[in-house]
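A.B. asks: Residues per chain, in single letters:
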Amino acid sequence: METLHFLVMGFSTALQPENLFAAFSGAVVGLIVGALPGMGSITGVALLLPLTFKMNPTTAIIMLAAIYYSNMYGGSFSSILINIPGDSPAVMTAMDGYPMARNGQAGKALFTSSFASFCGGTIGIVILSFLGPTLARWGLNFGPPEMAWIILFALTSIGWIIGENPLAGLLATALGAMIATVGMTPSTGRIRFTFDILYLMRGVGFVPLVIGMFGFAKVIDMVLHPPMTGDTVNKAQLTIRGSVYTREEYKRCLPVVGRSGIMGTFVGVLPGAGATMAAFFAYIVEKRIGGNRDKIGTGVLEGVAAPEAANNGASIGAFAPMLALGVPGSATTAVLMGGLMMWGLTPGPLLFRDKPDFVWSLISSLYVGNLMCIIVAILAIPFLSRVVHISSAMLVPIISALCVVGAFSANGSLFDVGLMLSVSVLSYLMQIHKLPTAPLLLAYVLYPMLERYVAAALGMSSGRLYIFFHNPTCWMLILLIIAFCLTPVIVKLKNKRKNRRTSAN
Amino acid sequence: MKKIFPALALLAGLYWMYQGAAIYRLWANGRLGGGFMPALAGTAAVVFSSATLLGKPDGRMFEPFRLKAFLPVASVALVIAASFVIGLILSLVLFIHLWLQAYERYSFAKSAITAVSTGIVIYVVFSSWLLLPFPRGALNLL
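Protein chains in written order, with this note's numbering: chain V, 1 to 505; chain D, 506 to 647.
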């Protein structure tokens with residue numbers, strides 16, 4: 001009942017004209033950026049972050065959130081039309097989406113992706129509306145020691161989960177933590193690791209770091225690996241009337257979207273798991289238990305609906321730990337969290353208690369924005385073949401210019417532009433060594449918080465370490481960390497033994 | 506070449522560890538010192554980079570280094586330098602035009618239209634709306 005009351009309150013803010021406009025423009029821009037081959041939600045959010053500097057925090061986060069989840073809609077378009085995923089969560093969509101387009105069902109595949117994204121997103125928002133406050137209430141019982149363990153849990157799970165090589169993820173996490181220690185100490189105010197550069201006193205800036213790591217790094221990637229253009233789909237297939245479902249098709253897809261949306265949302269809540277893993281899981285589950293499992297992979301609606309519902313559910317699910325516990329569930333939510341901190345808001349359990357107007361406006365705007373996304377996505381179907389064929393040659397200098405202006409706009413300083421360039425070089429070096437960049441960003445955002453909580457906990461206990469082990473919650477979190485760290489090692493050993501046995505046989 | 510990045514990470518980790526422990530202090534006046542968390546991060550970097558260096562070489566792990574990657578970086582560095590003379594927005598317009606013409610082999614008209622229209626959008630959004638004080642270079646003197 002309380003949730004419904006807060007939702008009504010949130011809708012009164014979310015439906016204000018400037019917030020509606022922010023959600024709408026976020027939906028349109030996110031859809032276009034998502035549809036461009038090779039661009040991801042994090043690149044889109046990073047590039048457009050400076051545009052929100054003049055907005056109030058609620059409007060700004062509504063716009064950025066809209067860009068984020070509408071990107072999930074757009075990412076599937078190039079997967080379906082030209083077999084090049086717009087973003088990694090859309091990789092699984094190409095498995096059935098592209099064969100559908102080749103079979104003359106491009107419109108149906110696009111409609112399926114938008115419809116499934118809408119349903120998955122809505123399921124995610126409903127779960128968030130109830131899970132968020134519950135998580136926050138649970139989080140209110142936590143003091144600095146428990147919060148320190150939660151952040152440590154997020155840091156360790158990120159390293160293990162992201163990428164094929166857990167060691168690479170952990171090394172990237174350590175590098176992100178080191179970068180985060182540059183500048184003023186949050187607990188004592190002492191300046192460190194500035195190398196006598198005045199500009200580094202306030203630390204490595206969040207905006208130049210994000211733009212360098214995900215915006216300009218994308219430019220370098222596009223210069224080195226220009227996105228290929230696939231086969232063009234016959235534009236005659238792309239009409240709204242020809243794309244809409246029949247009653248039979250709705251009946252086939254609804255159960256798929258329902259289970260994939262729920263599963264995706266809960267995968268999204270896990271720190272580090274994200275939309276890509278959710279889409280992958282949903283596709284595999286559908287291939288194992290789905291009613292049409294034998295045909296999945298050949299170009300069927302279920303193969304598009306499952307990953308799309310899951311990745312949109314996951315993108316919304318990732319908001320729950322970010323808002324309620326201050327722990328981002330994905331790299332893009334880490335950028336959103338950094339944005340919140342820039343506007344003076346501290347995500348965590350207290351946000352729900354102290355700033356309910358902000359939190360509930362954001363959650364309500366997700367309902368409105370999701371509805372806008374499906375309308376825009378369906379209306380855009382006839383124009384999509386043009387968007388996905390925008391030449392990357394033209395995008396390279398334009399995105400470069402936006403990166404320069406975006407990095408400059410954070411503090412009005414050319415030093416930040418230089419910093420952005422240096423970070424992009426670091427990102428390139430990481431890329432060629434197959435080190436994932438997302439754990440670095442998450443560690444950069446989380447490490448100063450860890451330092452604050454560790455300092456506060458030790459302050460409470462006059463410097464004695466027992467405070468970190470003083471109650472069952474601490475022990476539960478320690479066990480979780482150990483389990484998360486050991487699981488991949490055990491799985492690897494098991495696989496090795498299995499392979500040995502197979503080769504012996 | 507394959508070991509350069511982990512080796513650099515190892516050196517940086519050692520530096521962070523040393524600075525954290527010896528200069529900023531792990532513990533000060535009964536409180537957490539400013540060097541504790543950097544030393545912890547440095548230790549993690551040393552452990553994981555050492556494990557990477559000592560681990561079995563994995564052919565799948567590496568991509569060849571390509572100098573071409575530095576082309577956009579060098580171009581933007583030139584934009585920064587040029588901004589001291591002709592200002593940032595004009596430098597960016599010139600960069601887009603020259604990149605499209607010289608690197609992508611676009612026609613003069615197409616690259617000029619793209620460059621000027623991007624410049625106008627940047628000026629309207631960032632200079633007129635967000636009131637960003639872009640460097641105007643020598644134009645400021647006029």
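Any given hint could turn out to be false.
Each computed DSS-like pair below joins lysine-lysine, with the alpha-carbon atoms no more than 30 Å apart [what the hints assert, rightly or not]:
no.: 1; chain 1: V; residue 1: LYS355; chain 2: V; residue 2: LYS295
no.: 2; chain 1: V; residue 1: LYS54; chain 2: D; residue 2: LYS508
no.: 3; chain 1: V; residue 1: LYS498; chain 2: V; residue 2: LYS434
no.: 4; chain 1: V; residue 1: LYS434; chain 2: V; residue 2: LYS54
no.: 5; chain 1: V; residue 1: LYS355; chain 2: V; residue 2: LYS434
no.: 6; chain 1: D; residue 1: LYS508; chain 2: D; residue 2: LYS561
no.: 7; chain 1: V; residue 1: LYS434; chain 2: V; residue 2: LYS496
no.: 8; chain 1: V; residue 1: LYS496; chain 2: D; residue 2: LYS615
no.: 9; chain 1: V; residue 1: LYS434; chain 2: D; residue 2: LYS615
no.: 10; chain 1: D; residue 1: LYS615; chain 2: D; residue 2: LYS508
no.: 11; chain 1: D; residue 1: LYS573; chain 2: V; residue 2: LYS498
no.: 12; chain 1: V; residue 1: LYS287; chain 2: V; residue 2: LYS251
no.: 13; chain 1: V; residue 1: LYS287; chain 2: V; residue 2: LYS494
no.: 14; chain 1: V; residue 1: LYS54; chain 2: V; residue 2: LYS295
no.: 15; chain 1: D; residue 1: LYS573; chain 2: V; residue 2: LYS494
no.: 16; chain 1: V; residue 1: LYS355; chain 2: D; residue 2: LYS615
no.: 17; chain 1: D; residue 1: LYS573; chain 2: V; residue 2: LYS496
no.: 18; chain 1: V; residue 1: LYS494; chain 2: D; residue 2: LYS615
no.: 19; chain 1: D; residue 1: LYS615; chain 2: D; residue 2: LYS573
no.: 20; chain 1: D; residue 1: LYS615; chain 2: V; residue 2: LYS492
no.: 21; chain 1: V; residue 1: LYS434; chain 2: V; residue 2: LYS492
no.: 22; chain 1: V; residue 1: LYS492; chain 2: D; residue 2: LYS573
no.: 23; chain 1: V; residue 1: LYS498; chain 2: V; residue 2: LYS355
no.: 24; chain 1: V; residue 1: LYS287; chain 2: V; residue 2: LYS54
No lab work stands behind these hints, which were simulated from the structure alone.
A.B. asks: Which of the stated hints cannot be reconciled with the structure, identified by number in ascending sequence?
C.D. replies: The structure conflicts with hints 1, 2, 4, 5, 8, 9, 10, 11, 14, 15, 16, 17, 18, 20, 22, 23, 24, although it agrees with all the remaining ones.
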